[in-house]
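Please take these sequences and the hints and turn them into a complete structure.
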Amino acid sequence: KAGVTQTPRYLIKTRGQQVTLSCSPISGHRSVSWYQQTPGQGLQFLFEYFSETQRNKGNFPGRFSGRQFSNSRSEMNVSTLELGDSALYLCASSLSTGDAGNTIYFGEGSWLTVV
Amino acid sequence: QKEVEQNSGPLSVPEGAIASLNCTYSDRGSQSFFWYRQYSGKSPELIMSIYSNGDKEDGRFTAQLNKASQYVSLLIRDSQPSDSATYLCAVNKRGSTLGRLYFGRGTQLTVWP
Numbered sequence: 001k002a003g004v005t006q007t008p009r010y011l012i013k014t015r016g017q018q019v020t021l022s023c024s025p026i027s028g029h030r031s032v033s034w035y036q037q038t039p040g041q042g043l044q045f046l047f048e049y050f051s052e053t054q055r056n057k058g059n060f061p062g063r064f065s066g067r068q069f070s071n072s073r074s075e076m077n078v079s080t081l082e083l084g085d086s087a088l089y090l091c092a093s094s095l096s097t098g099d100a101g102n103t104i105y106f107g108e109g110s111w112l113t114v115v
Numbered sequence: 001q002k003e004v005e006q007n008s009g010p011l012s013v014p015e016g017a018i019a020s021l022n023c024t025y026s027d028r029g030s031q032s033f034f035w036y037r038q039y040s041g042k043s044p045e046l047i048m049s050i051y052s053n054g055d056k057e058d059g060r061f062t063a064q065l066n067k068a069s070q071y072v073s074l075l076i077r078d079s080q081p082s083d084s085a086t087y088l089c090a091v092n093k094r095g096s097t098l099g100r101l102y103f104g105r106g107t108q109l110t111v112w113p
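Going line by line, the protein sequences match chains A and B.
Mapping the first sequence onto our numbering, position 59 (from 1) lands on 59, and the numbers just tick up by one.
Mapping the second sequence onto our numbering, position 38 (from 1) lands on 38, and the numbers just tick up by one.
It should be emphasised that the hints constitute simulated quantities derived from the structure, not laboratory data.
Treat the hints with care, as some may be off.
Said to hold, decoys possible - Derived DSSO-like pairs: lysine-lysine, alpha-carbon spacing no greater than 30 Å straight-line:
#1 A/LYS13 to B/LYS42
#2 B/LYS93 to B/LYS2
#3 B/LYS2 to A/LYS57
#4 B/LYS93 to A/LYS13
#5 B/LYS42 to B/LYS56
#6 B/LYS42 to A/LYS57
#7 B/LYS2 to B/LYS42
#8 B/LYS67 to B/LYS2
#9 B/LYS56 to B/LYS93
#10 B/LYS2 to B/LYS56
#11 A/LYS13 to B/LYS56
#12 A/LYS13 to A/LYS57
So, in structure tokens, the structure goes:
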């Protein structure tokens, strides 16, 4: 069974540009979450989608957005990139968005460098 | 107060020893608790999940949960150099969606031969 797949794995962007990252969840998983990981802030939650609806959102500016498609695949977009957006962006999937008994599994991540 | 706090590292143990990693959380109603292992340059990998008070064992790993003390720990028995990584404690708060986990900053473990 394939794991969570993220593309691209590595990318370099210039300040002011925008970027779109893609995530394919584990087959059968309908919930997708996105996290940002930096050395300074650790792992921080961006947002969560289930059945094409955003179910939860972290404390990030509106430059960060996401969406989920009917096949559960998800994309996140960062507009007007800043140097501080350089990070590892992680996608995670789970069977549902309910609690206890379910687990979330991470993809390998997308390494974004903003120059 | 931070949502999830882990004992500050780095932690260094000799091969074959027991490594003890600790984590406290602030929301008393939290229900789901996870330990992830993250090797340098890699993504977090789930090691253990625990939902009820007590111990849960899986091979060389034992997770311990004490909801009254708001404390969760991970013991690694017979530590191996391949266990050298950063260990992340994650908590799912009461009333939140599962995908919204709160992570500690991690404890870096080094197991030396």
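The hints, checked one at a time:
1. A/LYS13 to B/LYS42: Holds, at about 21 Å.
2. B/LYS93 to B/LYS2: holds, 13 Å
3. B/LYS2 to A/LYS57: holds, 18 Å
4. B/LYS93 to A/LYS13: violated, 35 Å
5. B/LYS42 to B/LYS56: holds, 26 Å
6. B/LYS42 to A/LYS57: OK: B/LYS42 and A/LYS57 at ~24 Å, within 30 Å.
7. B/LYS2 to B/LYS42: Given that 30 Å is the threshold and the Cα spacing comes to 25 Å, the pair holds.
8. B/LYS67 to B/LYS2: holds, 17 Å
9. B/LYS56 to B/LYS93: holds, 20 Å
10. B/LYS2 to B/LYS56: holds, 26 Å
11. A/LYS13 to B/LYS56: violated, 44 Å
12. A/LYS13 to A/LYS57: holds, 25 Å
Checked against the numbered hints above, the structure violates hints 4, 11; every other hint is satisfied.
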